[in-house]
Structures are given as structure tokens and as C-alpha cells.
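Q: Heads up: the protein sequence lines correspond to chains A and B, in order.
For the first sequence, the working numbering gives the first residue as 1, with consecutive numbering after it.
For the second sequence, the working numbering gives the first residue as 1, with consecutive numbering after it.
Because the hints were derived from the structure by calculation, they are not lab data.
Note that this is a predicted model, so its numbers are computed, not measured.
Keep in mind that a hint or two might mislead.
Which copy is meant is left open, so a pair is good if it fits within one copy or across any two.
[Said to hold, decoys possible] Pairs of lysine to any residue residues, derived as SDA-like cross-links and limited to a Cα-Cα distance of at most 20 Å, are as follows:
(1) K366 <-> F147
(2) K562 <-> F318
(3) K95 <-> R140
(4) K570 <-> R514
(5) K562 <-> V440
(6) K487 <-> P367
(7) K63 <-> C408
(8) K368 <-> A266
(9) K366 <-> T55
(10) K549 <-> I468
(11) K95 <-> C408
(12) K126 <-> R514
(13) K497 <-> S4
(14) K366 <-> L128
(15) K368 <-> T226
(16) K63 <-> S4
(17) K63 <-> S182
(18) K196 <-> Q437
(19) K308 <-> L213
(20) K126 <-> N9
(21) K63 <-> I507
(22) K95 <-> P76
(23) K95 <-> L235
(24) K402 <-> I468
Protein chains: 2
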Amino acid sequence: MRASQFFFNTQKEAPNDAELPSHILMVRAGLIKRLGSGLYSWMPLGLRVLRKVETIVRDEMNKAGALELLMPAVQPRELWDETGRWAVFGPQMLKITDRHSREFCFGPTHEEVITDIARSEVRSYKQLPLNFYQIQTKFRDEIRPRFGVMRAREFMMKDAYSFHTDFASLETTYANMYQAYSNVFNRLGLKFRAVKADTGAIGGDGSHEFHVLADSGEDGLAYCDTSDYAANVELAEALAPNVRGAATEVMRDVETPKQTSCEEVAALLNIGLDRTIKAMALIATLEDGSTQFNLLLIRGDHRMNEIKVNKLDGLHDFRFATEEEVRENLKCPPGFIGPVGVGAHVRVIADRTVAAMSDFVCGANKPKYHLSGVNFGRDLPEPSLVADIRNVVEGDASPDGKGILSLCRGIEVGHIFQLRTKYSEAMNATYLDEASQTQVMEMGCYGIGVSRIVGAAIEQGNDARGIIFPKSMAPFTVTICPIGYDKSEAVSAAANKIYADLNAAGIEALLDDRGERPGVMFAEADLMGIPHRLVIGERGLADGTVEYKGRTDAEAQMVALKNVVEFMQKVAL
Amino acid sequence: MRASQFFFNTQKEAPNDAELPSHILMVRAGLIKRLGSGLYSWMPLGLRVLRKVETIVRDEMNKAGALELLMPAVQPRELWDETGRWAVFGPQMLKITDRHSREFCFGPTHEEVITDIARSEVRSYKQLPLNFYQIQTKFRDEIRPRFGVMRAREFMMKDAYSFHTDFASLETTYANMYQAYSNVFNRLGLKFRAVKADTGAIGGDGSHEFHVLADSGEDGLAYCDTSDYAANVELAEALAPNVRGAATEVMRDVETPKQTSCEEVAALLNIGLDRTIKAMALIATLEDGSTQFNLLLIRGDHRMNEIKVNKLDGLHDFRFATEEEVRENLKCPPGFIGPVGVGAHVRVIADRTVAAMSDFVCGANKPKYHLSGVNFGRDLPEPSLVADIRNVVEGDASPDGKGILSLCRGIEVGHIFQLRTKYSEAMNATYLDEASQTQVMEMGCYGIGVSRIVGAAIEQGNDARGIIFPKSMAPFTVTICPIGYDKSEAVSAAANKIYADLNAAGIEALLDDRGERPGVMFAEADLMGIPHRLVIGERGLADGTVEYKGRTDAEAQMVALKNVVEFMQKVAL
Numbered sequence: 001m002r003a004s005q006f007f008f009n010t011q012k013e014a015p016n017d018a019e020l021p022s023h024i025l026m027v028r029a030g031l032i033k034r035l036g037s038g039l040y041s042w043m044p045l046g047l048r049v050l051r052k053v054e055t056i057v058r059d060e061m062n063k064a065g066a067l068e069l070l071m072p073a074v075q076p077r078e079l080w081d082e083t084g085r086w087a088v089f090g091p092q093m094l095k096i097t098d099r100h101s102r103e104f105c106f107g108p109t110h111e112e113v114i115t116d117i118a119r120s121e122v123r124s125y126k127q128l129p130l131n132f133y134q135i136q137t138k139f140r141d142e143i144r145p146r147f148g149v150m151r152a153r154e155f156m157m158k159d160a161y162s163f164h165t166d167f168a169s170l171e172t173t174y175a176n177m178y179q180a181y182s183n184v185f186n187r188l189g190l191k192f193r194a195v196k197a198d199t200g201a202i203g204g205d206g207s208h209e210f211h212v213l214a215d216s217g218e219d220g221l222a223y224c225d226t227s228d229y230a231a232n233v234e235l236a237e238a239l240a241p242n243v244r245g246a247a248t249e250v251m252r253d254v255e256t257p258k259q260t261s262c263e264e265v266a267a268l269l270n271i272g273l274d275r276t277i278k279a280m281a282l283i284a285t286l287e288d289g290s291t292q293f294n295l296l297l298i299r300g301d302h303r304m305n306e307i308k309v310n311k312l313d314g315l316h317d318f319r320f321a322t323e324e325e326v327r328e329n330l331k332c333p334p335g336f337i338g339p340v341g342v343g344a345h346v347r348v349i350a351d352r353t354v355a356a357m358s359d360f361v362c363g364a365n366k367p368k369y370h371l372s373g374v375n376f377g378r379d380l381p382e383p384s385l386v387a388d389i390r391n392v393v394e395g396d397a398s399p400d401g402k403g404i405l406s407l408c409r410g411i412e413v414g415h416i417f418q419l420r421t422k423y424s425e426a427m428n429a430t431y432l433d434e435a436s437q438t439q440v441m442e443m444g445c446y447g448i449g450v451s452r453i454v455g456a457a458i459e460q461g462n463d464a465r466g467i468i469f470p471k472s473m474a475p476f477t478v479t480i481c482p483i484g485y486d487k488s489e490a491v492s493a494a495a496n497k498i499y500a501d502l503n504a505a506g507i508e509a510l511l512d513d514r515g516e517r518p519g520v521m522f523a524e525a526d527l528m529g530i531p532h533r534l535v536i537g538e539r540g541l542a543d544g545t546v547e548y549k550g551r552t553d554a555e556a557q558m559v560a561l562k563n564v565v566e567f568m569q570k571v572a573l
Numbered sequence: 001m002r003a004s005q006f007f008f009n010t011q012k013e014a015p016n017d018a019e020l021p022s023h024i025l026m027v028r029a030g031l032i033k034r035l036g037s038g039l040y041s042w043m044p045l046g047l048r049v050l051r052k053v054e055t056i057v058r059d060e061m062n063k064a065g066a067l068e069l070l071m072p073a074v075q076p077r078e079l080w081d082e083t084g085r086w087a088v089f090g091p092q093m094l095k096i097t098d099r100h101s102r103e104f105c106f107g108p109t110h111e112e113v114i115t116d117i118a119r120s121e122v123r124s125y126k127q128l129p130l131n132f133y134q135i136q137t138k139f140r141d142e143i144r145p146r147f148g149v150m151r152a153r154e155f156m157m158k159d160a161y162s163f164h165t166d167f168a169s170l171e172t173t174y175a176n177m178y179q180a181y182s183n184v185f186n187r188l189g190l191k192f193r194a195v196k197a198d199t200g201a202i203g204g205d206g207s208h209e210f211h212v213l214a215d216s217g218e219d220g221l222a223y224c225d226t227s228d229y230a231a232n233v234e235l236a237e238a239l240a241p242n243v244r245g246a247a248t249e250v251m252r253d254v255e256t257p258k259q260t261s262c263e264e265v266a267a268l269l270n271i272g273l274d275r276t277i278k279a280m281a282l283i284a285t286l287e288d289g290s291t292q293f294n295l296l297l298i299r300g301d302h303r304m305n306e307i308k309v310n311k312l313d314g315l316h317d318f319r320f321a322t323e324e325e326v327r328e329n330l331k332c333p334p335g336f337i338g339p340v341g342v343g344a345h346v347r348v349i350a351d352r353t354v355a356a357m358s359d360f361v362c363g364a365n366k367p368k369y370h371l372s373g374v375n376f377g378r379d380l381p382e383p384s385l386v387a388d389i390r391n392v393v394e395g396d397a398s399p400d401g402k403g404i405l406s407l408c409r410g411i412e413v414g415h416i417f418q419l420r421t422k423y424s425e426a427m428n429a430t431y432l433d434e435a436s437q438t439q440v441m442e443m444g445c446y447g448i449g450v451s452r453i454v455g456a457a458i459e460q461g462n463d464a465r466g467i468i469f470p471k472s473m474a475p476f477t478v479t480i481c482p483i484g485y486d487k488s489e490a491v492s493a494a495a496n497k498i499y500a501d502l503n504a505a506g507i508e509a510l511l512d513d514r515g516e517r518p519g520v521m522f523a524e525a526d527l528m529g530i531p532h533r534l535v536i537g538e539r540g541l542a543d544g545t546v547e548y549k550g551r552t553d554a555e556a557q558m559v560a561l562k563n564v565v566e567f568m569q570k571v572a573l
């Protein structure tokens with residue numbers, strides 16, 4: 001593509017509403033343009049990127065045997081009433097009334113439509129398994145759209161749905177799709193992790209999320225480098241030593257006049273934070289409606305995991321105790337509370353790690369005092385309950401016993417689910433088995449946020465100059481920057497020839513024939529994330545060379561003019 | 001593709017709501033599946049066809065230098081208020097209210113959005129001309145959706161919009177797009193015509209429609225085989241001889257006791273219908289609110305063109321006179337009325353052809369009588385007005401003077417417009433010219449009904465057995481039908497090899513490996529419109545041959561097994 005024939009709309013200014021680098025850079029590079037809240041046009045440059053992602057996703061879906069179709073975006077309410085989701089989906093669903101006052105929605109997802117197709121088209125077990133997918137515009141009316149295309153209201157999604165005679169068949173397709181998703185993200189050249197996920201509201205059994213790794217990611221992930229274990233931090237199991245060390249110290253009061261946090265106490269005592277315990281007061285509501293005072297114990301350097309706590313008996317809807325409730329139950333203000341000497345009405349819940357600690361430091365339930373050398377069994381009873389109630393941390397043992405955990409942050413770009421019979425039962429999607437008996441189909445569903453991937457990739461790859469695209473996604477592979485295209489015939493002739501030769505060699509080249517200054521050309525190419533740059537100048541041509549620089553290279557290098565195609569094939573393909 | 005890995009849902013029964021062959025066949029062949037009124041899923045087989053159309057459209061747009069982008073389907077009301085179209089578009093526009101009670105529509109077209117982009121991104125004449133396009137899902141809430149995808153509510157459209165400094169530039173791009181559209185339909189292998197069109201409500205000046213020719217088409221078209229003249233019958237100019245023949249007969253009363261139509265009178269008198277004149281009584285409403293009685297004269301074998309009549313002075317909102325008005329003004333009941341002896345209050349408007357007639361037959365304004373041998377100037381005054389008020393007919397002179405006209409019917413699948421400044425003025429889309437003066441951009445817009453093309457192609461190509469696709473659009477190029485795939489190893493081995501060889505040669509083959517009976521395989525392939533068929537049987541293999549039949553061939557032929565790829569390359573590529 002010749003730049004003079006293309007349309008660029010790079011901007012110097014970051015948009016007002018942008019927080020994330022990807023949002024800022026996508027607008028500044030002219031990949032997208034805002035139409036309204038959560039609504040973006042994909043400009044020619046951006047659409048080139050989006051289509052590359054789409055093409056790889058489609059290709060891997062086809063290779064996995066999924067069949068592409070295209071369902072309407074507008075869906076009738078009646079189908080959603082069958083599964084009850086019209087009522088439960090809430091305001092995120094964009095509802096529409098047509099000229100005949102019939103109700104529809106702009107589809108946020110397509111389980112109902114595809115299940116309707118399956119129940120009317122599938123008669124026999126012989127037709128199963130089936131796996132359909134589409135790549136389509138979806139709409140979710142987010143209450144606060146933000147982050148550009150990462151949380152837009154209108155977005156492009158690949159959604160696949162599989163139908164099976166039995167769970168074993170679903171498991172096979174599920175594994176197949178897991179592999180296809182891995183292939184997609186590998187081909188895209190993104191650092192990613194598949195993690196076990198909670199199935200949440202969509203229902204069903206097994207579920208994995210695929211995350212693009214980026215420091216700005218909304219999700220914390222834990223993974224084991226020496227095994228394939230990976231999970232959302234929300235779910236990753238935290239292990240602890242099975243054996244508690246013997247008590248070696250005597251319990252004693254420590255004066256901590258102003259020290260209310262574990263950090264402050266550890267600093268005062270000059271001990272590791274991992275020898276302290278913090279106590280959190282939580283109120284549970286019991287089945288009979290009465291409330292219960294809970295004291296949760298977490299090691300000083302750990303963090304409570306609310307999702308895990310939520311799953312404990314009575315703590316489904318827990319809340320933190322008020323200062324008044326703390327004083328009432330422990331006769332002590334917050335900051336100095338602890339598990340020693342509490343009454344029987346207090347349920348003490350220790351994290352697994354805490355339960356294995358000895359000689360620890362905790363609040364004394366006495367203003368301005370902590371206790372050191374505390375030991376379960378000797379100084380206080382064993383906890384009422386020992387449970388996994390903390391987030392895993394870097395260095396924890398992997399739950400599969402095959403190594404230790406590392407942490408990172410990720411952006412969810414894919415999610416696969418074993419739906420089982422949630423939708424097929426509600427909508428009566430059945431088939432006749434070999435014995436001509438009616439059976440309910442098993443289902444899976446598999447989503448990829450196609451447009452979101454572009455944003456996530458930029459979160460993973462950017463620097464002060466702009467976007468760093470992996471080669472799979474770059475709008476152009478190489479930009480050719482002639483110095484004085486409109487002034488030097490030698491330069492324009494050489495640039496035109498290199499441009500033609502590269503395209504003939506299958507390398508997508510952009511020829512910056514606009515006659516811009518080098519600084520402008522270089523800055524725009526770097527902003528747009530073009531991986532390779534060739535600079536054609538009279539001086540180099542006199543030596544038979546052109547200048548090459550990779551987007552992330554520190555220094556440029558000279559390449560012989562006669563080898564430039566060969567060179568580019570080596571670095572770019 | 002192996003049929004066992006694909007999904008077919010052919011049906012024996014035609015859908016209840018289908019009238020047109022294309023609608024019936026698309027549902028029966030399993031190309032589409034109805035979700036609701038005017039809402040269709042494109043099933044895997046149909047999507048293959050749709051994508052082929054889309055790919056050719058995209059390729060020709062790119063070749064024409066248009067830049068692809070993708071605008072949101074959901075558009076804010078505010079933009080439509082700027083052009084006033086929110087109010088005028090009417091119930092065809094699907095209106096949406098989001099969770100924050102802001103108003104949007106599901107875009108029926110994108111003039112407002114693209115003009116908004118142009119006005120904010122284009123500053124200088126140096127950036128122009130620009131031509132953007134997208135291929136996208138649109139929604140028009142038709143009051144009576146029908147004909148399957150031909151008049152669906154949700155449909156796929158290619159819409160392009162160009163921006164220019166001046167009209168000359170618009171004309172250049174317009175001509176460019178005209179050529180690109182011709183290329184698209186030629187590559188699709190469709191018989192089509194581009195015709196001049198009325199610009200109607202979208203506004204602007206020049207406009208052409210592109211029609212796929214089919215007997216079931218909604219539009220009548222006139223074209224000249226010896227020149228490039230073509231127009232919608234609604235607009236095609238009807239010429240007439242300049243010179244009137246001399247009077248040779250004497251005017252006389254003819255008794256026509258029961259003959260009220262030209263056909264009946266001509267039969268009674270044993271003369272050609274082209275010697276008769278029919279008179280139509282129309283009421284015009286004048287500017288002062290008064291009404292005027294008009295007698296329109298059309299040759300007996302011609303038909304009045306209401307659009308042309310509408311353009312005559314005072315007849316913008318004409319209506320046909322009531323029987324009472326006819327009796328009051330002409331003292332005669334309908335059926336025997338004519339232009340001879342009418343009072344001065346009657347405006348006589350003659351079609352051009354009528355004005356050139358002599359010795360004609362017309363109503364006598366006397367019950368049960370007509371007049372023959374009537375001549376203008378001698379028996380009645382020259383008409384108050386001579387105008388083109390009829391539809392052209394087969395054999396009329398072409399308005400460009402380069403031949404005679406033929407007629408056909410067409411389905412509109414493309415429309416190009418010179419919008420001029422209708423939108424750019426309303427939305428203040430300006431640029432700075434060379435003298436740094438602010439100027440309003442000129443605009444063009446160019447639409448293709450991508451999904452409609454599939455239906456139109458089937459209207460053009462079908463027979464009693466099913467669809468006849470042009471090779472550009474067929475879901476598969478050739479179907480391989482092994483007789484006894486699951487029984488004969490020789491057959492399955494040969495079929496597998498031919499399948500692999502054809503695919504390797506770039507010929508999209510479907511291997512019907514389902515073990516169906518030949519009759520079922522043949523009938524389905526014919527229904528789905530697959531252009532070529534190879535039958536592999538043990539008997540043929542023994543002779544080293546396979547059977548070939550083209551979709552429209554009367555007879556099958558035998559092809560040497562060793563030449564089959566070469567043969568298929570010749571007939572299919």
C-alpha cells in the first residue's frame with residue numbers, strides 16, 4: 001500500500017476518556033475512532049489488524065472441524081423467555097421493540113438461537129457431534145464502557161457452540177477447542193495462559209479462561225512454570241505445610257503503642273512479616289437469621305480471598321464487622337485484636353498457613369499491645385475451622401504438587417465452557433439415540449473476544465513511542481521511508497523497486513510516498529506498531545545500501561540494496 | 001469438505017411463507033434458516049455462498065482504491081437529527097433506547113456516521129478524494145418482510161462513501177465505482193444491467209441502479225442492445241415519430257354497443273390496436289386549490305406511466321376522475337369517451353406517439369359509439385399539451401438514437417448516487433482549499449446488497465431440480481458421489497484420491513462419504529446448485545472411468561480416471 005493512497009489519522013493528543021495504554025495508542029495511531037460511549041469505528045488501519053486476528057481465529061476454528069454460520073444479531077424475546085434469561089440478563093442486554101411492538105434484543109450471545117437451530121435440525125444421534133461458530137458483532141450495554149475496544153458495548157466476537165450425545169463427546173470437543181484456542185494465541189504471537197475458571201452464571205461444569213498476559217490486566221493469575229497448572233488467583237488453591245513447628249518461645253505482651261498493622265508491628269519487632277498474623281472480624285448471617293462473629297486469621301504477608309471466604313459455611317453474604325461490633329465482641333478496638341482469649345461466641349477461622357504456624361505474633365485484644373511467641377494448643381485453642389481463605393502468592397507450592405507458583409496479570413480474551421444440558425433441557429433440544437429413545441443433548445460453548453484481542457495485544461506490547469505489534473497482527477509488515485521521495489529520482493526509483501519486490505515476495509509493505517520529513521515518518525510508523533522499517537536515502541544508495549531497523553531494535557543497521565528482499569524475508573516472515 | 005464432516009439440512013417441503021423460487025430453494029437447500037420475520041441465519045452451506053459474494057465485492061472495492069473500515073451498527077440519534085433524517089426515516093428505522101435512556105438506531109445506512117468521520121478527520125484538500133467502504137449487517141424494519149433474504153430486515157450490505165473537493169472529482173470516482181460494480185457482477189457470472197435511476201429521496205444528482213435480470217424481478221427495465229442505453233421503465237424516455245401522417249379517411253361514427261376497451265373496438269373493426277387511442281380522465285389540483293379536468297390520450301397498445309404523468313404541471317398529485325366527474329365533464333359514461341368535441345375546460349394531453357397519429361379510432365363521447373378516421377387539426381384541435389406519458393415498449397426507438405429498445409425485468413442489487421452536498425452541508429463537512437478557504441465537500445455513495453445478490457442469483461438460475469449457481473458463487477465446485485462408499489474399497493479409495501487431487505488442484509470438492517443412495521446424493525447436489533458432479537462406481541472403475549455431469553447438462557459422460565483432474569480444471573476453473 002502506498003501511504004498516499006491510504007488514510008492515516010494519527011493524533012498527537014491522547015483522548016480525554018482513555019486510561020489504558022492500548023486505548024490511548026489505538027486512538028492516537030488512528031486504529032479506531034469513537035462514535036459514542038462504547039462505540040468505535042475501526043478505521044482502515046485498525047481494520048487491517050482486526051481482520052488479521054479474525055482470519056487466524058477462523059482458520060483455527062475450521063481446522064478444528066467447527067462449521068461457520070452466521071446468525072442474526074437481532075433476536076426475538078420468545079427464545080430468551082424459554083431459558084428465562086430475558087428476565088435475568090438485566091440491563092446489559094440491549095432491548096429493542098420493532099414497528100409491530102414485538103420485543104427483540106441486539107444479541108449479547110447466541111445460546112438460545114443456536115439451541116433453537118439444533119433442536120429443529122438435529123433428529124438423530126447420527127448427526128452428532130456438531131460444532132457451529134460465527135464471527136459476529138455483539139452488543140452488551142455496559143453500565144460504564146471504557147478501555148476503548150477492551151470494554152466496548154459493540155464488539156466483535158467469535159462464538160462457537162457444540163452439541164453432543166454424551167459427556168464424553170463433549171469432553172473430546174472441549175479438549176479440541178482448548179487446543180484450537182492455544183493455537184490461535186500462539187499464532188497471534190501473544191504471551192497467554194489458559195487458566196481454570198469458575199463457571200459463574202453461564203452454568204455448566206468445566207471451564208477455562210484464556211488470558212493475554214499484561215501488567216495492566218484486570219485478572220490476577222497463578223501458574224506453575226514446571227507443570228501446566230494455571231488458575232485465576234480468585235480460584236487457585238493455596239497449600240500450606242502439613243506439620244506445625246514446635247513452640248520454642250514463651251508468649252508475652254509486646255507494647256505496640258502506635259503499631260496497628262502487621263507491617264508496623266514486624267518493623268518494630270524487627271521480625272519477618274511472615275511471623276505475624278492479622279485478624280479480620282467478619283459478620284456471618286446464619287440460616288435462622290441470627291448473626292455470628294467470625295475472626296479470620298491470615299498470615300501478615302497474605303491477602304484474604306473473598307471468593308474463598310464466600311464459600312464457607314454462613315459466610316456466603318459476609319460483611320466486615322463495624323468498629324462497634326469489634327469492641328463489643330472483643331473488648332478491644334481494631335488494630336490490636338487477635339485470637340487469644342476470645343469467648344466461645346467467636347468463631348476463629350484460620351487460613352491453612354496460619355494453622356501451621358508456631359511462635360507467631362498477633363494482636364493482644366488489649367489496646368496498644370500485641371502478643372509474641374503465640375502457639376495454638378498452648379496459648380489458645382485450635383481454630384474452630386481451618387480453611388483455604390487467602391490468595392496464593394509467588395513461591396507457593398503448586399496445587400498439583402509439581403512445582404511452585406508464579407503470579408502474573410492477564411486480560412481475558414477467551415472462555416470455554418462445558419454447558420452440559422442447561423440450555424438444551426430448558427429448550428427441549430433432544431435427539432433420538434440408537435434405541436430411538438429421546439435424549440437431551442450435551443452442549444459446550446466457546447468464545448473469543450476478537451476485537452478485544454487487539455487491545456490486549458497492545459497492552460502486552462507497547463513502549464513510549466507507541467504500539468509494538470506481533471508480526472501476525474501488524475497492519476503492515478514493513479514501512480519503506482524514502483528520504484526525499486518527491487525530490488530525488490534515485491531515491492524514489494529505489495523505493496518503488498523495493499516496494500514492488502517486497503510485495504511480490506509476499507511481504508506487506510507500506511511505501512511512505514507522502515514526502516513527509518523522516519521524523520514524521522518514523523514517529524508514525526513506530527506509533528502504529530509497524531515491526532520493520534527501511535530507510536532509503538541518497539547517501540546509502542551511493543554505497544548500495546539501505547538502512548534497516550526493527551521496531552524494538554536499539555540501533556539501525558545497513559543492508560545491501562541487492563539483498564534487501566532476502567534480508568526482509570529472513571527477519572519478517 | 002467431506003459431507004460427513006459438514007452439516008446439511010435440505011428439506012423436501014417448501015416453507016409456508018415463501019413465494020419466490022429463490023426463497024423456496026434457499027430454505028429447501030438449507031442455505032438459510034428462518035429465526036423470525038425477516039430474520040435468517042445463514043447456515044454453513046449458505047454462508048459459503050455469501051462469503052464468495054463478499055470476497056468478490058471486497059476485492060473489487062480494494063482494486064478501485066476504496067478503503068475498508070467498519071463503523072458501528074448502533075448509531076446515536078444526535079447525528080441523524082443533524083440531517084433531519086431521524087424524523088423523516090420513518091418506522092423502517094429500528095429505534096433503540098439504551099440503559100441510560102439515550103436514543104440510538106440499528107443503522108439502516110451510514111451517511112451520517114461517515115460524514116461525521118470525514119468532517120473531523122479531513123482538514124485539507126490534500127486529503128481528498130477519499131472513498132471508504134464497509135461490508136456490514138444492516139437493519140431495515142420492513143413493514144412486510146418477504147422473499148427470504150431478498151427483502152429481509154437484517155441483511156448484509158456493502159456501503160461506500162466518497163468525499164471530494166469538487167464535482168469533477170466526484171464524477172471520476174463515480175465512473176470508477178460504476179466500473180467496479182460492473183466488474184463485481186461480471187465476476188459473479190450474473191446477467192445484469194446498469195440503468196439510470198431516479199435519485200428519489202436520498203437526493204443528489206446522478207444515479208444508477210444495478211439489476212440482476214430475472215423474470216421474477218420487481219423492476220421493469222428498458223435497454224438498447226446496440227448501445228449502452230439502459231433505464232428503469234419508470235424513467236425510460238419514449239420517443240415518437242416527428243411527422244404525422246396525412247389524413248386519408250373521413251371521420252365517422254362507429255357503433256360499438258358493448259365495446260368499451262380499445263381491444264374490443266379494434267377486434268370489432270378488425271384493425272390493429274395501434275390505430276386506437278384510449279382516453280383517461282384525470283383530476284389535477286391547481287395551485288389555487290381548484291381542480292382541473294384532464295383527458296390523457298395514449299395509444300391503445302401503450303400503458304400510461306404514472307411517474308411521468310406526475311411530473312406534468314398540476315398533476316403532481318393527480319387522481320383518476322370518478323364516473324360522476326366523467327359524466328359531468330364529457331356528458332358521456334366511461335368506455336366511450338374521447339377528445340373530439342370536448343369543451344374548453346378540458347385539458348387534452350396527448351402522448352407523443354398519439355400526437356403523431358392520423359386516421360385513428362377513439363371514443364365518440366356518445367354512449368355505444370366510437371369514432372374512426374379521426375385526425376388532429378381537422379376533427380379536433382391540436383392537444384393542449386404533447387408529452388411523454390407512457391411506458392416504453394419493446395421495439396421503441398432508443399432515446400440515444402442508437403437502436404431500438406428491449407425490455408426485461410430485474411432485481412436491484414446495487415445503487416450508486418452522486419449525493420453532492422446534501423449531507424456535507426447539513427453536517428458541516430468542510431475542508432480548506434488551496435487558498436485556505438472553507439469549502440463544503442462533494443459526496444457520493446455506493447451500495448451493494450450482498451445478501452440480496454444470493455437470492456437474485458437464484459432467481460436468475462434455477463430449474464425444477466433446484467438452484468443453478470454460477471461457478472463464482474457455488475458452495476462447492478464439484479460433488480464426488482461414490483456408489484457404495486462404505487461397501488467397496490475400490491470405490492472409496494478412488495473417491496478419496498480424486499477428492500484429494502481436486503482439492504490439491506484448487507478445485508473445491510465435496511466428497512459425499514455419507515453412504516447415501518445415488519438418488520439422494522444427486523438430488524441434494526442438484527438442489528444445492530453444485531455445478532459439477534462426478535460419480536465413482538465399481539463398474540466405471542473397472543474400465544478406468546468415472547461419470548461426469550454438469551448441473552445443466554442433459555447427459556452424463558464418462559471421463560478417464562487418470563484425466564479427471566485435468567478434465568475438471570478445464571470445465572470448472
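Q: Evaluate each hint against the coordinates.
A: Hint-by-hint comparison with the structure:
1. In this assembly of identical chains, the alpha carbons of K366 and F147 never lie at most 20 Å apart, being 47 Å within a copy and 82 Å across copies at closest.
2. Taking the shortest alpha-carbon separations for K562 and F318, neither the intra-copy value of 72 Å nor the inter-copy value of 77 Å comes in at or below 20 Å.
3. When the C-alpha separation of K95 and R140 is checked against a cutoff of 20 Å, the pair qualifies both within a copy, at 10 Å, and between copies, at 16 Å.
4. When the C-alpha separation of K570 and R514 is checked against a cutoff of 20 Å, the pair qualifies neither within a copy, at 28 Å, nor between copies, at 46 Å.
5. In this assembly of identical chains, K562 and V440 lie within 20 Å of each other by CA distance neither inside one copy nor across copies; the values are 66 Å within and 48 Å between.
6. For the identical chains of this complex, K487 and P367 are neighbours neither inside a copy (82 Å) nor across copies (89 Å), given an alpha-carbon limit of 20 Å.
7. For the identical chains of this complex, K63 and C408 are neighbours neither inside a copy (31 Å) nor across copies (45 Å), given an alpha-carbon limit of 20 Å.
8. Taking the shortest alpha-carbon separations for K368 and A266, only the intra-copy value of 14 Å comes in at or below 20 Å, while the best inter-copy value is 120 Å.
9. Neither within a single protomer nor between protomers do K366 and T55 lie at most 20 Å apart by alpha-carbon distance, with minima of 65 Å and 77 Å respectively.
10. Within a single copy, K549 and I468 get their C-alpha atoms as close as 13 Å, which meets the 20 Å cut-off; across copies the closest is 54 Å, which misses it.
11. Taking the shortest Cα distances, K95 and C408 never come within 20 Å of each other, neither inside one copy (38 Å) nor across copies (44 Å).
12. For a Cα distance limit of 20 Å, the shortest separation of K126 from R514 across copies, 11 Å, qualifies, whereas the shortest one inside one copy, 61 Å, does not.
13. Taking the shortest Cα distances, K497 and S4 sit within 20 Å of each other inside one copy (17 Å), while across copies they are farther apart (49 Å).
14. When the C-alpha separation of K366 and L128 is checked against a cutoff of 20 Å, the pair qualifies neither within a copy, at 68 Å, nor between copies, at 78 Å.
15. Taking the shortest Cα distances, K368 and T226 never come within 20 Å of each other, neither inside one copy (46 Å) nor across copies (105 Å).
16. Taking CA atoms no more than 20 Å apart as the test, K63 paired with S4 passes between copies only; the shortest distance there is 15 Å, against 38 Å inside one copy.
17. Taking the shortest Cα distances, K63 and S182 sit within 20 Å of each other inside one copy (13 Å), while across copies they are farther apart (35 Å).
18. Taking CA atoms no more than 20 Å apart as the test, K196 paired with Q437 passes in neither setting, with 35 Å inside one copy and 61 Å between copies.
19. Proximity of K308 and L213 under a CA criterion of 20 Å is satisfied in neither setting, with 24 Å inside one chain copy and 67 Å between copies.
20. In the homo-oligomer, the alpha carbons of K126 and N9 lie at most 20 Å apart only across protomers (13 Å), although the nearest pairing inside one protomer, at 54 Å, exceeds that limit.
21. For the homomeric pair K63 and I507, the shortest alpha-carbon distance between copies (18 Å) is at most 20 Å, but the shortest distance inside one copy (25 Å) is not.
22. In this assembly of identical chains, the alpha carbons of K95 and P76 lie at most 20 Å apart whether taken from the same copy (10 Å) or from different copies (15 Å).
23. Within a single copy, K95 and L235 get their C-alpha atoms no closer than 34 Å, and across copies no closer than 42 Å, so neither meets the 20 Å cut-off.
24. Taking CA atoms no more than 20 Å apart as the test, K402 paired with I468 passes in neither setting, with 35 Å inside one copy and 61 Å between copies.
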